[in-house]
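Asks: So the protein sequences, as listed, match chains A and B. Under the numbering used here, the first residue of the first sequence carries the number 1, and numbering increases by one thereafter. Under the numbering used here, the first residue of the second sequence carries the number 1, and numbering increases by one thereafter.
Derived from the structure by calculation, the hints contain no laboratory data. Check before you lean on any hint, since a few could be wrong.
[Claimed, not checked] Which residues of chain A face chain B? A few of them, derived with a C-beta cut under 7 Å, are:
(1) Ile56
(2) Leu57
(3) Ile86
(4) Phe195
In this text, a Cβ means the ideal position worked out from N, Cα and C, and glycines have one as well.
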Amino acid sequence: MSFYDWKIIGSSTFVGFRNYINAFNDPILNISWRNTIIYSIATVPGQMIFAITAAILLNQKIKGRIFFRTLYFLPVVTSWIVVSFIFIFLFNSQAGLINYILKDILHITRQYYAWLSNGKSALFVIALLGIWKGIGWSMVIFLAGLQSIPEELYEAARIDGASQARLFWKITIPLMRSTLVYVLVMLVIGSFQVFISVYIMTGGGPMHQTEVVLTWLYTNAFSYLRFGYGSAIAVIMTTFIFIITIMQIKLLSKPVEY
Amino acid sequence: MLRSRFLKNTILYVILLSGVIITIIPFLYMLSTSLKDQVYVFEIPPKFIPEEPTIQNYIVAWGAGNFRLYFLNSLIVAISTVVLVVLFSSMLAFVFARYRFPGKNILFYSLIMTLMIPVIVYIIPEFILIKKLYLLNSLIGLILIYTSSQLAMYTFLLKGFFAEIPKELEDAAKLDGCNMVRVYWQIMLPLAKPALATVCIFSFLNSWDEFVVALTMINDVNKRTLPIALAMFQGQYFTKWGLVFAASIIAIMPVIAVFIIFQRHFVRGITTSGLKG
């Protein structure tokens with residue numbers, strides 16, 4: 001389909017690589033790629049750092065582990081639509097909680113700020129939502145990984161006088177390697193799929209400043225009915241995800257050495 | 001030693017509790033706003049405990065337009081999908097786990113490959129396919145798409161589970177004269193109950209929350225599912241946040257309930273197969 005000027009009604013004409021050439025010269029698609037990559041770079045490490053911290057803390061012998069785990073997981077099971085609503089409201093310019101905290105309690109900002117009306121700050125809020133919603137999922141997987149590390153290894157190292165930091169870098173991280181790579185790969189794939197939060201919170205606006213690849217694909221296909229062009233974007237996206245995934249797996253998964 | 005341990009635990013709990021606050025405050029804020037009259041929604045300073053709590057928003061949301069119809073639509077779609085997914089993915093998994101046949105690996109890996117591709121990427125051909133089948137604007141179309149898009153994941157999960165069931169059980173049954181269908185139905189399925197429960201839960205959640213496909217395939221006002229209805233609702237009552245949040249809470253209630261009741265299955269499902277919520 002990506003090689004056609006595809007029409008929903010009537011006959012479609014073959015256009016060769018025209019859709020692909022258009023895709024590389026489309027300024028809005030360029031913005032979309034930039035935003036998608038920024039989103040990925042911001043949310044993937046963000047989620048991983050918070051998630052591994054939470055997992056390590058919850059792996060200690062403390063009371064209420066299930067309680068904490070359940071609560072941290074709550075955003076993961078809540079629909080994207082609803083969490084997007086919550087974030088629109090938290091960051092709204094009239095009386096949003098965030099504005100109130102920043103201006104009236106912490107006195108950092110002078111006035112209430114319209115977070116979602118500006119491309120940069122809107123992207124920030126969208127990324128923040130991505131991190132907030134995703135932590136629980138990675139945390140649960142990390143927790144399972146941590147629990148599979150035999151306690152004896154730590155004891156032996158402690159007897160040899162290893163510090164807490166050394167235990168983390170020399171035992172935890174190497175033994176968690178495959179789990180880390182797995183989570184990384186899944187999160188990167190997931191981050192390129194960002195769609196609903198953008199669609200609901202900004203619709204790609206203002207002036208396409210927060211457009212991401214999939215929202216632009218969707219708008220082209222289902223608002224402008226440019227199915228051929230949309231398909232070309234889809235093919236490029238799939239190829240891109242595929243290459244990135246293979247690269248990560250090749251680069252990062254060395255066999256574990258004990 | 002004892003003191004440093006106490007100190008360490010205190011720090012631990014402080015960090016964990018601040019995590020809880022960050023996680024839970026947006027939800028509490030939603031809950032409290034949903035209990036406020038419109039007059040108080042934008043008040044400054046924002047109050048967590050509403051001055052005059054009212055369930056008016058819930059009554060209005062539940063009665064508004066076709067809300068109950070949308071709730072029912074979502075329920076029909078989600079439950080039908082769960083039934084079909086459990087049936088077909090367990091059959092597929094059983095065959096993949098137990099039988100050898102030419103092309104098995106190619107079939108299995110091409111199934112797994114589909115997991116990597118985002119839904120929106122193949123939504124255009126899917127839209128055209130569904131249109132050609134005259135299934136646009138029909139719940140049946142949605143059920144078919146949801147079932148087919150979820151099959152790969154759960155086949156993968158169940159195959160792992162079936163492969164671990166000792167083969168001797170099956171051999172014994174076969175000696176007693178059980179055929180393939182009876183082995184599947186009377187031995188494998190009952191033994192796989194915990195895994196099947198996991199499949200049910202995740203399949204229900206995914207179907208209940210699905211937005212993009214429903215947005216694309218459904219135009220008819222009477223066929224909308226809840227996520228679409230919510231998005232439209234928010235567009236319509238843009239500043240009536242009390243109402244929007246009351247509707248949202250009604251919509252996520254089933255999911256939260258399922259999650260809290262079955263959270264053991266949840267965690268197991270995620271950790272054994274990397275399901276994404």
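Asks: Taking the hints in turn, state whether each one holds.
Replies: Consistency of the hints with the structure:
| no. | hint | result |
| --- | --- | --- |
| 1 | Ile56 | 10 Å, violated |
| 2 | Leu57 | 6 Å, holds |
| 3 | Ile86 | 5 Å, holds |
| 4 | Phe195 | 6 Å, holds |
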